[in-house]
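Sequence lines, in order, name chains B and V. Letter by letter, the first sequence follows residues -8 to 370 in our numbering. Letter by letter, the second sequence follows residues 7 to 355 in our numbering.
None of these hints come from the bench; they were simulated from the model. Any given hint could turn out to be false.
Restraint-style ranges between C-beta atoms, simulated for each label pair [claimed, not checked]:
(1) ALA46/V with ASN21/B: 40 to 46 Å
(2) LEU24/B with ASN234/V: 15 to 21 Å
(3) LEU25/V with SER324/B: 16 to 22 Å
(4) PRO256/V with SER324/B: 54 to 60 Å
(5) PRO281/V with ALA350/B: 21 to 27 Å
(6) ALA55/B with PRO115/V: 50 to 56 Å
(7) ASN21/B with PRO115/V: 45 to 51 Å
(8) GLN(-1)/B with ASP33/V: 51 to 57 Å
(9) THR258/V with SER324/B: 55 to 61 Å
(10) LEU25/V with GLY322/B: 49 to 55 Å
(11) PRO46/B with PRO38/V: 53 to 59 Å
(12) ASP47/B with PRO38/V: 55 to 61 Å
(13) LEU184/B with GLY310/V: 21 to 27 Å
In silico negatives: residues of chain B with every beta carbon more than 10 Å from chain V [to be verified]:
(14) SER31
(15) ALA39
(16) ASN221
(17) ALA313
(18) LYS353
Remember, predicted model here, so these are calculated numbers, not experimental data. Just so you know, even glycine gets a beta-carbon here, dropped at the ideal spot from N, CA and C.
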Amino acid sequence: MQNALVLQATHLGTQQFAITPNDKSIPPVNMTLSIEEPKSLGASINSARLHREFPDGLDSTLYALADDTGIPPQMIKGQVKTEGRGFDPLNWRYEPVNASIGDFGYSTKAKDLRMDSRHGSSLRLPAIGDSADPGNCGTNYDYKSHIDGRIPDTSCRGLPIGSTFSPQVMSDIAQTNFTIDIPNRDPKTGLVLTDGNGQPRPLRASDRYVSVYDVFTYNDGVYHWSDPSNAKGAAAQARVKLLKSGSVDFTAQLSLAASYGLLQVMYARAIDEGWAGSTPGCGATNPKDPDNLFDTSCNLDHGGGSLGLGTRITDGNFANYAGSTNPTVNGESDLESLFDQAYQEYNRNKDGYGDHVIANTKLYEPNPTGSIFNAGGQQ
Amino acid sequence: MIRQFSLLALIGFSLMGSLVLSAQNSDQTPTPAVMQAVEAAFPVSLRFVPAPPEGKGTLAQPYHSCASVFRTMQNGTPDLIAAGYSGHGSEVAMLAYQQGEAHIINASPILEKGLMDEGCEINIVNLADPKEPNWPLANAIDVSFSGGPVWFLTWGGNELQNITALVPGSGLPAYNIPPRSAMSSGDIVDIDHSGPMQIVGSNGDGDTFPQEEDGISATGTLTLFRFNGTTYAPAKRNLLECEEYEPNLPKTPDEQTFYKGDIGPWMSYIDMHTPPAPGYQLKIINGDRDGSNRVTSAKVDINGVTIISPTEVDQSVETLTRTIQLQKQNKIKVTVDGPAKSHVYVTVE
Chain B
-8 MQNALVLQAT
2 HLGTQQFAIT
12 PNDKSIPPVN
22 MTLSIEEPKS
32 LGASINSARL
42 HREFPDGLDS
52 TLYALADDTG
62 IPPQMIKGQV
72 KTEGRGFDPL
82 NWRYEPVNAS
92 IGDFGYSTKA
102 KDLRMDSRHG
112 SSLRLPAIGD
122 SADPGNCGTN
132 YDYKSHIDGR
142 IPDTSCRGLP
152 IGSTFSPQVM
162 SDIAQTNFTI
172 DIPNRDPKTG
182 LVLTDGNGQP
192 RPLRASDRYV
202 SVYDVFTYND
212 GVYHWSDPSN
222 AKGAAAQARV
232 KLLKSGSVDF
242 TAQLSLAASY
252 GLLQVMYARA
262 IDEGWAGSTP
272 GCGATNPKDP
282 DNLFDTSCNL
292 DHGGGSLGLG
302 TRITDGNFAN
312 YAGSTNPTVN
322 GESDLESLFD
332 QAYQEYNRNK
342 DGYGDHVIAN
352 TKLYEPNPTG
362 SIFNAGGQQ
Chain V
7 MIRQFSLLAL
17 IGFSLMGSLV
27 LSAQNSDQTP
37 TPAVMQAVEA
47 AFPVSLRFVP
57 APPEGKGTLA
67 QPYHSCASVF
77 RTMQNGTPDL
87 IAAGYSGHGS
97 EVAMLAYQQG
107 EAHIINASPI
117 LEKGLMDEGC
127 EINIVNLADP
137 KEPNWPLANA
147 IDVSFSGGPV
157 WFLTWGGNEL
167 QNITALVPGS
177 GLPAYNIPPR
187 SAMSSGDIVD
197 IDHSGPMQIV
207 GSNGDGDTFP
217 QEEDGISATG
227 TLTLFRFNGT
237 TYAPAKRNLL
247 ECEEYEPNLP
257 KTPDEQTFYK
267 GDIGPWMSYI
277 DMHTPPAPGY
287 QLKIINGDRD
297 GSNRVTSAKV
307 DINGVTIISP
317 TEVDQSVETL
327 TRTIQLQKQN
337 KIKVTVDGPA
347 KSHVYVTVE
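Chain V with its partners taken away, still in its complex shape (with noise of 0.2 Å):
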């Protein structure tokens, strides 16, 4: 159940013509002042600190908040504030801020429980359909709690809206204990190049359960998640790679020497514990999807084998697929040039 806070009416909304976005802008970080004011808000509730049972340790940061700007006056004077806040439970809150004072307008549920001494970080991120510049994804706060599970939050406005993918049967209602997000990790992606962003997101099946024995440390799989109006979903869940490249010649002679021993930033691995089956795709998806950051050529290595040769990738192509074999340990080398910010995703499913 959301919590609704009557302050809401305190609070003018008569300059909704004159306000401004974050996602939109650069700086979400908020002023010392503001951020006293959002730590002056922490719900009570949360602020529960368990007593270190005897001779295990002290508690040295108990609770956390962590803020964005969701929205600031023409003047840059902040509105409206995302937070997150953590103590023994987590919640995201959207506060009205005003003349020095927070105020929570309305909260999430309490998202995960059980924290001891745990930070959170939180940033206001664009999801949208570049064409619908106004939904509410163009908007979305992305949080997450010391390095945990990602969450994604709208704002309507009015009340805010769990958009994260759950893990199906998560949670212990009798015990208070909420699903889980399955979003472990949560990279905002456009390699659909339509509709709203995508977001990739780790499965952690990789060297979490080294299977010591065959001497590999095997990489994980990756899941993307779509939005399906309503929230995100997962859509695909075996994927090997999403990487994103910009273009990286080798120039000093350390990176060429990287360059020449297949070591550096061109490099990226898909390990695995058994044999893979045939019949894997590599696709390159080469810049914006209005055709804009696109790079001018790309080169993929797969175990030293050309997979993709520079020639075959320009300013024309959009996309690239090739079918190819991978191997128990594979070493995939990436080399890309092009103009600044241009741009390739490269993925193996």
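Just chain B, same shape as in the assembly (with noise of 0.2 Å):
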């Protein structure tokens, strides 16, 4: 016998419930639970970027995603604030070192990622030896040797980059804030131009064959890669140790090894996982393509991007650790420690992010429509 009941509402709609008093003369009161959407979350978010790709709000995107997880909303919006760059729904970042999937997990293995069978052919992303090149650089090809002195031999092919995605792709790249600077080195000796001082120039979409120790060298004092709080554990550290070195280069796969968007999907694992689920849309002719995969309207219309993998990736998190996707919880506390427990999952190398995108939830508490009961008082 309950005295009282806390419930968190998981999706929208309603529930019937009947009390019946403890006391029997009192009779049992039926009454209808409605779950809303609130009028908002929080104080409205100020970013142009966001408006442009939201022009409703990014709220109601939020509500949608919401009543499908059933993660309330504000802890959705709370992890956008906690990974994004002020809510820019182009945010996009180049990971050379981390611990799987970064461009060190990739490209050292010299693998024809066309003939992945995870990626299949539509990942699209041509490298130097690849097998498909028109060069017939070959099976056979020897990265190392070929990237000495960082010139490419020039019968093979090198990552053109961002040239096989579509157009609207690459023009929301070139409008994100991150910028990579590289070198202009001497075409013929591969050697830093000194006439222009060695300084560095913004990469082109033009450019190709982009060495991953230039990208490294010119940049790490801006994104600190190298730092330990961003390249952590001794494999980690021991890739930035070879970069610093220079004695391993390739060709840096800046958008395979990049991750995008309000919740910084790492492509691969967007790939992996299907974000564009079995219906893709925006141009997308495979659901693996991951084409469009910047949180557009678009592509939320069409599985999400980001933002709905993510998402779903944090459900899959708190079923995990609590052993249930609707699982029965001892109070608020406990409820907030679990998703504590799937946040942290979700970005496990980081230490306190689930704390901290908790915290950021309660910038973001549900502005209520109305009063929870009618004017009036009972009916």
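These two chains come separately, so use the hints to put the complex back together.
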């Protein structure tokens, strides 16, 4: 027999309740609990890019995701705050050394990603040594010898940055805050051009054979990839050491080894987990096609981009920790703790990530559309 | 609770006198046959594979194991294998290996829970005071699961001992969620030059949570962990820098260009969102504690100003400390010369 019951709304809709008093002389009361969309989540976000991509505001999109996954919308918004820079749907971040799916994780294996069964032919990101290369560099391609001096074998085709992506995506990338500098190099010697004082210049869409060593060397002072906060653990620090020493180099796969959007999902994970769902849209012809992963209103309608995928990943993490997608939880504190664990798992190599998401959640508590009970009291 | 296995009695230990522990040896990599035996011993309790909810993708590799040779016989045959098992949960196990089969002698409790598709890395490392080469710390197990936090365990002959610093108050016993490791990264250092080796871990408080309004991607702080006789415990929480440098004079034209431009391996960065207080200490720790592997010169520039000149450091200098004034954004340039294997640590706290 319960004297109080605390409920957490997980989906929109109505639920019937019967309250049966202990005092049998009082008749049971039937009531209908209605879960409705809030008016808003915390204060409004002042972001021009966000408003361009979501003219009606982000909150209404979050309500649909919250209803779909059962994750409270203020928590989704709290995670966006934690992940993104200024709620920028076009946020894009290159990951050269992270644990498993950064550039090191792929490129040093010298794999032809188009032959990787996980990704299929839809990836369309040619790299030096690609067996599908018209220069027939072949499967015996020696990565290191061709990169020595950073002069590519011109008969091989390097990674044409972004050229295989749709114009819309290239346009989106061009508008991001994430800029990468690379050096001007003599095309014959591969040496940094000293007449330009060796100063870097911004990466251009037409650049080819961009060296991961160059990207790392010229931009670490801005993005701090080598900082232990980002390159965690012995393996990542070993990769940093290799890059710093210049003893390993390869063509940077900037698009593949990057994370995107409001929840900063890595491209490879998005592809692996079928970000676009079974019916891709927005120009994609294959559920694994990475085109249009950026968070646009279009891809949200067709699977959710990083926002939809990231929320579903958190949903899965929560179920793993709580033991069920709909667990019985001992109070609000435990619920927050379970979500804390689920968010920590989402970004497990960043300490305090879960705590930070939960703290940000408090900034976006739902603003109700009206009073809980109709004016005039009980009906 | 540590799980015990009765198979221990089946394994002969009469060869103890002719066994070789791994931290002092170079190759800890198991052969494919050993790895296969380790895989075959994967604990069933960890093999739980959560079915992906409909429309939420597939799990390509639901569980993983990693292993390192912990001990060999004199003929080089592996005898004890330290393994990391990562499935729905993760644990570390010590296995006896004999005639192509591996059997778990002892396993740690579940270290992490809820992993869905995580690999692991495991190594045998020497954390002991060089005066105590027979301590269990001399052959400690260093393991992490998919780039997550680091765990350190020792082997006492019968059971594994977890010596990892844990996050106070973490874990949810009611939901069988274990406490988290506080060692989000774990670089083994010897900046004390006394006692057991120290461990430096990131506090993850840098660019993880950028404050984009000030245009700065801040770098993180570090915690220094020292062994207290039972476990590693936080000793200093506010290190801004702890970097090891080997001889690095620029030689090639590219290196010289980079060097002049303050770009490349000489550089490290300390960036903050707020102006730093005065009175930070920069310290150089030269070489090993026995006086070996010291550099012949070291130069430190901060934001273009030389703080330590090359002539101030030679092989007679063990440590050198300077009080420095940091700015919101700082470029630290360390130039080192000396024989092969010589090295310095540079710390800022």
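Here's how the hints hold up against the structure:
Hint check: ALA46/V to ASN21/B, Cβ distance near 59 Å, so the stated range 40 to 46 Å is violated. Between LEU24/B and ASN234/V the Cβ separation comes to about 53 Å, which falls outside the hinted range of 15 to 21 Å. A hinted range of 16 to 22 Å is violated for the C-beta pair LEU25/V and SER324/B, which are about 50 Å apart. Here the CB-CB span from PRO256/V to SER324/B is close to 56 Å, well matched to the stated 54 to 60 Å.
Evaluation of the 21 to 27 Å hint for PRO281/V and ALA350/B yields a pass: the beta carbon distance comes to about 24 Å. Restraint check, ALA55/B to PRO115/V: a C-beta distance of roughly 41 Å breaks the suggested window 50 to 56 Å. Our hint of 45 to 51 Å for ASN21/B and PRO115/V holds, since their Cβ atoms are close to 48 Å apart. The hinted range of 51 to 57 Å is satisfied by GLN(-1)/B and ASP33/V, whose Cβ atoms lie roughly 53 Å apart.
A hinted range of 55 to 61 Å for the beta carbons of THR258/V and SER324/B is consistent with their spacing of about 59 Å. Between LEU25/V and GLY322/B, the C-beta spacing of about 53 Å keeps the proposed range 49 to 55 Å intact. Between PRO46/B and PRO38/V the CB atoms are about 58 Å apart, so this pair conforms to the stated range of 53 to 59 Å. Distance hint check for ASP47/B and PRO38/V: the Cβ-Cβ separation is about 57 Å, which falls inside the suggested range of 55 to 61 Å.
The beta-carbon spacing between LEU184/B and GLY310/V, approximately 24 Å, falls within the hinted interval of 21 to 27 Å. With a minimum CB-CB distance of about 22 Å to chain V, SER31/B clears the 10 Å threshold, and the non-interface call stands. Every Cβ of chain V is farther than 10 Å from the Cβ of ALA39/B; the closest lies at roughly 14 Å, confirming the non-interface assignment. With a closest Cβ-Cβ approach of about 6 Å to chain V, ASN221/B is found to fall inside the 10 Å limit, against its non-interface label.
The claim that ALA313/B is not at the interface with chain V is violated, since a C-beta of that chain comes within 10 Å of its own (minimum 7 Å). For LYS353/B, the shortest C-beta to C-beta distance to chain V comes to about 15 Å, beyond the 10 Å cut-off, and the non-interface label holds.
Of the numbered hints listed earlier, those contradicted by the structure are 1, 2, 3, 6, 16 and 17.
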